[in-house]
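Residue numbers (the numbering used here): 85 to 338.
Hints are computed from structural coordinates only; laboratory data are not their basis. Be a bit skeptical, because a hint or two may be false.
In silico DSBU-like pairs for lysine-lysine, Cα to Cα no more than 35 Å straight-line [to be verified]:
1) Lys256 x Lys112
2) Lys211 x Lys256
3) Lys185 x Lys94
4) Lys104 x Lys185
5) Lys255 x Lys185
6) Lys255 x Lys112
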Amino acid sequence: MARKRKRSWKAPMVLWQIFKNDARNLAKTIAFIIPRPSPPFTCGRCEGRFCLRCCEDPMSFLIRPDDPLDYVNLLNDCFVVVNEDAPFIDFYPDKRWTQEKLVVRVVEMMSSLRLTASNVICSGFNKHTNSSHIVELLTSSAWGILHERVGDKCMFHLLWHTTIFVPISDKKHLQVAGSPVNYFRKKSKEVKNPQSGMQYYVASTSHWYEDMALQRPFKYGEKTCKTNQHTFFGHLSMSNTHIKVLSIIDDWLK
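All chains should be modelled from the sequences, with the hints used to inform the complete structure.
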């Protein structure tokens, strides 16, 4: 009887069963989503300072010998699933927001679009104090270091277009972004080969999300988030949501 092939990576079994190879650790996910042009190439966006887009080795850029242990653990042990329909990331290394303000702005944006119940990042959010357990996890010093290295655009892309699972112990992960996994696990039983992918439509340009979320504050809707913030795993599958937004084309981050 043939032996079962062991997995060569450490993703939790539940994630493997649902997402297969689409579940990557945070470092590999970032290297995967950042476009890297073929050499010879001169990057005009970092002015010769070397950024994630033009460096020779993205992994060495993200994780360095003198990095604190909690940051290294975050990059290696946090697992991320990228939305199949995620837009192309127009990468810029600029950082003009703090990690806390960026996370809060993402929640505000989702609240204005009535997406709070479909994304765990909004779970338990207090609009008066701009805080929640999930916001606290996503604004740790380790996330702050990562934000410094990837910039506003990449961090926003991760928070909006992926499902994120942060480690809370050796064998447990807490979902902090994306649609709740329990819904996806139910759906996965109905089809033989489930496909991950948050499917929503934005008129004309996918970057209106970034322009709107990073340009101005939003008011909260009356609906409250009913997602259980203690859900350990999540998914990216949801029905198409046709969203009509104002045409706000802005070069603020460039």
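So, going through the hints one by one against the coordinates:
no.: 1; hint: Lys256 x Lys112; in the structure: 20 Å, holds
no.: 2; hint: Lys211 x Lys256; in the structure: 28 Å, holds
no.: 3; hint: Lys185 x Lys94; in the structure: 32 Å, holds
no.: 4; hint: Lys104 x Lys185; in the structure: 33 Å, holds
no.: 5; hint: Lys255 x Lys185; in the structure: 30 Å, holds
no.: 6; hint: Lys255 x Lys112; in the structure: 20 Å, holds
Checked against the numbered hints above, the structure violates none of them.
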